[in-house]
Amino acid sequence: MHIMEGFLPVDHAVGWFVVSAPFVVAGAVKVRKILGERPEARLNLAAAGAFAFVLSALKMPSVTGSCSHPTGTGLGAVVFGPSVMALLGTIILLFQALLLAHGGLTTLGANVFSMAIVGPWVSYAVWRGMRSVGIAIAVAVFFAAALGDLATYATTAVQLALAYPDAQSGFWGAALKFGGIYAVTQVPLSIAEGLLTVVVMNALSGRAGKVDEVAVLAGEVRR
Amino acid sequence: MTINRSWWLIAAATLIIAAPLLLPGIGGEFKGSDDLGTKAIAAARPDYQPWFQPLWKPPSVEIESMLFALQAAIGAGFLGFVIGRRTAGKNVSDR
Numbered sequence: 001m002h003i004m005e006g007f008l009p010v011d012h013a014v015g016w017f018v019v020s021a022p023f024v025v026a027g028a029v030k031v032r033k034i035l036g037e038r039p040e041a042r043l044n045l046a047a048a049g050a051f052a053f054v055l056s057a058l059k060m061p062s063v064t065g066s067c068s069h070p071t072g073t074g075l076g077a078v079v080f081g082p083s084v085m086a087l088l089g090t091i092i093l094l095f096q097a098l099l100l101a102h103g104g105l106t107t108l109g110a111n112v113f114s115m116a117i118v119g120p121w122v123s124y125a126v127w128r129g130m131r132s133v134g135i136a137i138a139v140a141v142f143f144a145a146a147l148g149d150l151a152t153y154a155t156t157a158v159q160l161a162l163a164y165p166d167a168q169s170g171f172w173g174a175a176l177k178f179g180g181i182y183a184v185t186q187v188p189l190s191i192a193e194g195l196l197t198v199v200v201m202n203a204l205s206g207r208a209g210k211v212d213e214v215a216v217l218a219g220e221v222r223r
Numbered sequence: 001m002t003i004n005r006s007w008w009l010i011a012a013a014t015l016i017i018a019a020p021l022l023l024p025g026i027g028g029e030f031k032g033s034d035d036l037g038t039k040a041i042a043a044a045r046p047d048y049q050p051w052f053q054p055l056w057k058p059p060s061v062e063i064e065s066m067l068f069a070l071q072a073a074i075g076a077g078f079l080g081f082v083i084g085r086r087t088a089g090k091n092v093s094d095r
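From first to last, the protein sequence lines stand for chains A and B.
Residue numbers for the first sequence follow my numbering, beginning at 1 and rising by one.
Residue numbers for the second sequence follow my numbering, beginning at 1 and rising by one.
One thing to keep in mind: the hints can contain errors.
Said to hold, decoys possible - Heads up, simulated DSS-like pairs for lysine-lysine below, C-alpha to C-alpha not over 25 Å straight-line:
id : chain 1 : residue 1 : chain 2 : residue 2
1  : B       : Lys-31    : A       : Lys-59
2  : A       : Lys-177   : B       : Lys-39
3  : B       : Lys-31    : A       : Lys-177
4  : B       : Lys-39    : B       : Lys-57
5  : B       : Lys-57    : A       : Lys-59
6  : A       : Lys-59    : B       : Lys-39
As the list claims (entries may be wrong) - Output of the computed footprint for chain B on chain A, the stretches with three or more beta carbons under 8 Å from beta carbons of chain B:
id : region
7  : 56 to 66
8  : 87 to 101
9  : 186 to 199
As the list claims (entries may be wrong) - Label pairs and their computed distance ranges (CB to CB):
id : chain 1 : residue 1 : chain 2 : residue 2 : range
10 : B       : Lys-31    : A       : Ser-169   : 19 to 29 Å
11 : B       : Leu-21    : A       : Ala-21    : 39 to 49 Å
12 : A       : Val-14    : B       : Leu-21    : 32 to 42 Å
13 : B       : Trp-7     : A       : Gly-173   : 37 to 47 Å
14 : A       : Leu-176   : B       : Thr-87    : 40 to 50 Å
15 : A       : Asp-166   : B       : Ala-88    : 49 to 59 Å
16 : A       : Val-14    : B       : Asp-35    : 17 to 27 Å
17 : B       : Gly-27    : A       : Arg-128   : 37 to 47 Å
18 : A       : Pro-9     : B       : Trp-8     : 39 to 49 Å
Derived by calculation from the structure, the hints in this document are not laboratory data.
These numbers were taken from a predicted model, which means no experiment stands behind them.
Beta carbons: idealized from backbone N, C-alpha and C, even for Gly.
Let's have the full structure, built from the sequences with the hints guiding it.
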């Protein structure tokens, strides 16, 4: 999902910065609020960031014969709401842009939008939607993480199609082409991410379990 | 029971990741999708010149993979620390 340094036209690069910036600011405000009001959630917030940090470093093979990496943003989005992941995801993307030459500073706005905004919001919407109709926590977490991951890559494909529409088939042709590269590769990986997110959620909630592990992780219910 | 389920989930995730390497008939060089995306842009717009270069690039593939491994290690190490604290807490309360 990383658009490489300098590979978005200037107007697109600036545009995505403008779109993403308010989400990141809102995320920073939310993180401050959580740290201040729910000190018992600090470790879990850091763990959610660490989970995204691990998963976004692991490039895995896929059935398309290419490699890609999961995003790991679903866990934090489900537990703390999507806005905190805008901040945590931006930190991860900055790390990769500066130290790994992976992604970039000029494309940071676009990459933040796909990985740290769209992915977490899709995860959160899926989670809330499935829980509201009474689907089990583990199942809802799985779908939230998997679909958020997939949405991130679909967003990258759309961003590239907007910047580089096909000469003949226009936006949709380009969206299909980039979708083939990014989104199709991502299907098995997002399933794996969904499974791992359920495992880590269980492990993190430790003895809490049962009642509502997610609320406990978010520090909303005192142990 | 959740511990048991976790092992099954980990096994399933491992299978999904390993399958492309093990199944016959899945070819390819397993290049990164990010690089393939960049190549597709170059193919669609041969005259496009990136207008900004990374400030610093890992000087070799070895250094790059070391930094990726470091990223994963930091994240996994911290996760392990938090999970370990929780598990230890459980044992203490069981006693």
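Hint check:
{"no.": "1", "hint": "B/Lys-31 / A/Lys-59", "result": "holds, 10 Å"}
{"no.": "2", "hint": "A/Lys-177 / B/Lys-39", "result": "holds, 12 Å"}
{"no.": "3", "hint": "B/Lys-31 / A/Lys-177", "result": "holds, 17 Å"}
{"no.": "4", "hint": "B/Lys-39 / B/Lys-57", "result": "holds, 19 Å"}
{"no.": "5", "hint": "B/Lys-57 / A/Lys-59", "result": "holds, 18 Å"}
{"no.": "6", "hint": "A/Lys-59 / B/Lys-39", "result": "holds, 18 Å"}
{"no.": "7", "hint": "56 to 66", "result": "holds (count 11)"}
{"no.": "8", "hint": "87 to 101", "result": "holds (count 7)"}
{"no.": "9", "hint": "186 to 199", "result": "holds (count 9)"}
{"no.": "10", "hint": "B/Lys-31 / A/Ser-169: 19 to 29 Å", "result": "holds, 25 Å"}
{"no.": "11", "hint": "B/Leu-21 / A/Ala-21: 39 to 49 Å", "result": "holds, 40 Å"}
{"no.": "12", "hint": "A/Val-14 / B/Leu-21: 32 to 42 Å", "result": "holds, 41 Å"}
{"no.": "13", "hint": "B/Trp-7 / A/Gly-173: 37 to 47 Å", "result": "holds, 45 Å"}
{"no.": "14", "hint": "A/Leu-176 / B/Thr-87: 40 to 50 Å", "result": "holds, 47 Å"}
{"no.": "15", "hint": "A/Asp-166 / B/Ala-88: 49 to 59 Å", "result": "holds, 56 Å"}
{"no.": "16", "hint": "A/Val-14 / B/Asp-35: 17 to 27 Å", "result": "holds, 25 Å"}
{"no.": "17", "hint": "B/Gly-27 / A/Arg-128: 37 to 47 Å", "result": "holds, 41 Å"}
{"no.": "18", "hint": "A/Pro-9 / B/Trp-8: 39 to 49 Å", "result": "holds, 47 Å"}
In the structure shown, no violation is registered for any of the earlier numbered hints.
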